[in-house]
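Chemist: Sequence:
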Amino acid sequence: MKSKAALLRQLFLRPGIIRLVGAHDALGAQLAERAGFDGVWSSGLEISASYGVPDAGILTMSEYLAAAESMADAVNIPIVADCDTGYGNSNNVIHMVRKFEATDIAAVCIEDKLFPKVNSFVPGRQELAPIAEFVGKIVAAKNAQRDPDTMVIARVEALIAGLGQAEALKRAHAYVEAGADAILIHHNTSSAQPIIDFARGWKVNVPLVVVPTTYYTITAKELEDLGIKMVIYANHGLRASINAVLDVYAEILQTQSTASVEKRLAPMKLVFELQGMPQLKRNEEIYLRSGVAPTRAIIPAAGDHLDEYSMKDIAADIPMAMLDVNGKPLLQRQREVLNLSGVRELIAVGGYRREKITVDGIKLLENHLWESTGEMASILVGDIEQKYAGRTLISYSDILFDKDALNRLLSCEEDIVLLVDTSFGSHRHVPHQEVDRRLDLVRLADSEALQARRNMNWGDQSRVLKIGKHIQVPDAHGEFTGLALFSAKGWKLLREVYETSKRRYGDAQFHEAPTFSKASLTDLVQELIDQGHTVSCIQVTSGWMEIHSFEDYKLACKLVAR
446 MKSKAALLRQ LFLRPGIIRL VGAHDALGAQ LAERAGFDGV WSSGLEISAS YGVPDAGILT
506 MSEYLAAAES MADAVNIPIV ADCDTGYGNS NNVIHMVRKF EATDIAAVCI EDKLFPKVNS
566 FVPGRQELAP IAEFVGKIVA AKNAQRDPDT MVIARVEALI AGLGQAEALK RAHAYVEAGA
626 DAILIHHNTS SAQPIIDFAR GWKVNVPLVV VPTTYYTITA KELEDLGIKM VIYANHGLRA
686 SINAVLDVYA EILQTQSTAS VEKRLAPMKL VFELQGMPQL KRNEEIYLRS GVAPTRAIIP
746 AAGDHLDEYS MKDIAADIPM AMLDVNGKPL LQRQREVLNL SGVRELIAVG GYRREKITVD
806 GIKLLENHLW ESTGEMASIL VGDIEQKYAG RTLISYSDIL FDKDALNRLL SCEEDIVLLV
866 DTSFGSHRHV PHQEVDRRLD LVRLADSEAL QARRNMNWGD QSRVLKIGKH IQVPDAHGEF
926 TGLALFSAKG WKLLREVYET SKRRYGDAQF HEAPTFSKAS LTDLVQELID QGHTVSCIQV
986 TSGWMEIHSF EDYKLACKLV AR
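Residues 446 to 1007 (the numbering used here) make up the sequence shown, in order.
None of the hints are false.
Calculated lysine-lysine pairs in the BS3-like style (CA-CA distance at most 27 Å, straight line):
1. K937 / K914
2. K848 / K999
3. K832 / K947
4. K674 / K587
5. K808 / K726
6. K648 / K615
7. K808 / K937
8. K674 / K615
9. K937 / K832
10. K801 / K963
11. K773 / K999
12. K947 / K937
13. K963 / K911
14. K808 / K848
15. K708 / K808
16. K726 / K934
17. K674 / K447
18. K832 / K714
19. K1003 / K848
20. K773 / K1003
21. K937 / K963
22. K848 / K726
23. K934 / K832
24. K714 / K801
25. K666 / K648
26. K963 / K914
27. K808 / K832
28. K934 / K808
29. K911 / K947
30. K963 / K832
31. K947 / K914
32. K726 / K937
33. K848 / K773
34. K674 / K648
35. K808 / K714
Think of the hints as simulated: they come from the structure by calculation, not from any bench.
Everything numeric in this text was worked out from a predicted model, so none of it was measured.
Generate the whole structure from the sequences, applying the supplied hints.
Modeler: This is how it looks when you write it as structure tokens:
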């Protein structure tokens, strides 16, 4: 990878004027890069202002260096550092060049004033160093650099000091003889004429740099036509932000809310982008190794549950996910357990009474076709990051589960794993008792070991042969709990089988669904099995419950209250 000094050298060799803008921190540098500037001016004025002190040599070199380094780390465009007078004599300049060069600063700019300097736009004392002294600094700077591409820009302040064109040209020629890579000719009145005159009198094949802070009506094109190679808009970011912030603060105080200013503010999404949050998440997915692999949870919560007779009254105005279970919505209780197990990217897909789903920490999406589609359609609405590199956990919205049961599932490394309760036959869901709907039952490969309904199942895994509501209770080995885990490979396979089945079945019946569009997760799992793919399961006998009747609801409230 090329150094930023090499990039700046390339800019000087290409046709056209180079445009830099001032900044004092990493965020400002990122905004400059995003706006399209060729480079960043690490502005001494802006850095001083950010500390709340005058630009008069008060800060140390280390403080200016830290600011410049943060900018260089944040962007891919070159940084030109405003290094005042070099922070002392020639020995200080040698130290300065080596320090700034080590942080990938492309160029340093030093000015021919006496130390300590006063900002060029402040009226009053503007004393220049003797030519011989400043020539010594330039020679020292060029001898100190280790990267041949690093540039030393000599800033001529003769026009600022009122010494005229002849003195300015004399100094510039001397600095070029000493090895300066470019000349910054500075000026502080509203007329660009002195700069125009200097440029026309400049006959040396060394580039000129200007800072049109006060003579701002001249355009970059006009400067380019004069032979000027670089223009620096040195402090405009700082000045723009001061006005913008003052206006917003005043309006907030006046209106007593932020409502009137929100549209003028940068969205939080942009703030996160500038912070590098998307890259951080990608890095976590690739490199972070913890007890739990990167896992997201998709919670399909679009159905209305009004077909469940005993729940019709209490589920009429809210989705089942928002059912109050001893003071907290069911969905919030899921979120708390998921977070405790390290699953923090949570996506709920609503449909019926979607506006009622209000749980912090969960991204809410909507299946607009929830009335005419099934559970799988809602699940895939939640797959907003279709090339997600981590694992995907599916959690039905009408279940409660504890951390132990969830962690058993999350500890699995297979591509497709279901959490199955093998003690379902001893529950009140037995055939002679009334239930509101049929269960999602499973048949497993190791049926003989399960026939007694009592087994030591710590870590027990098995292969699922059949799943669905059509399985008779005497033939079943367990009940699907509504929790399923897919590796990235397993999730990709699920999506592929979904798409191929969609083309194949169209509006025809699909396993237990009357049409493919009404397909449930268990329908797709059965299709995976039928196509020869392995679907594993983790066996549990406790740690979860499904709420599909009023009796279940009362029991859930009782259990949570313990």
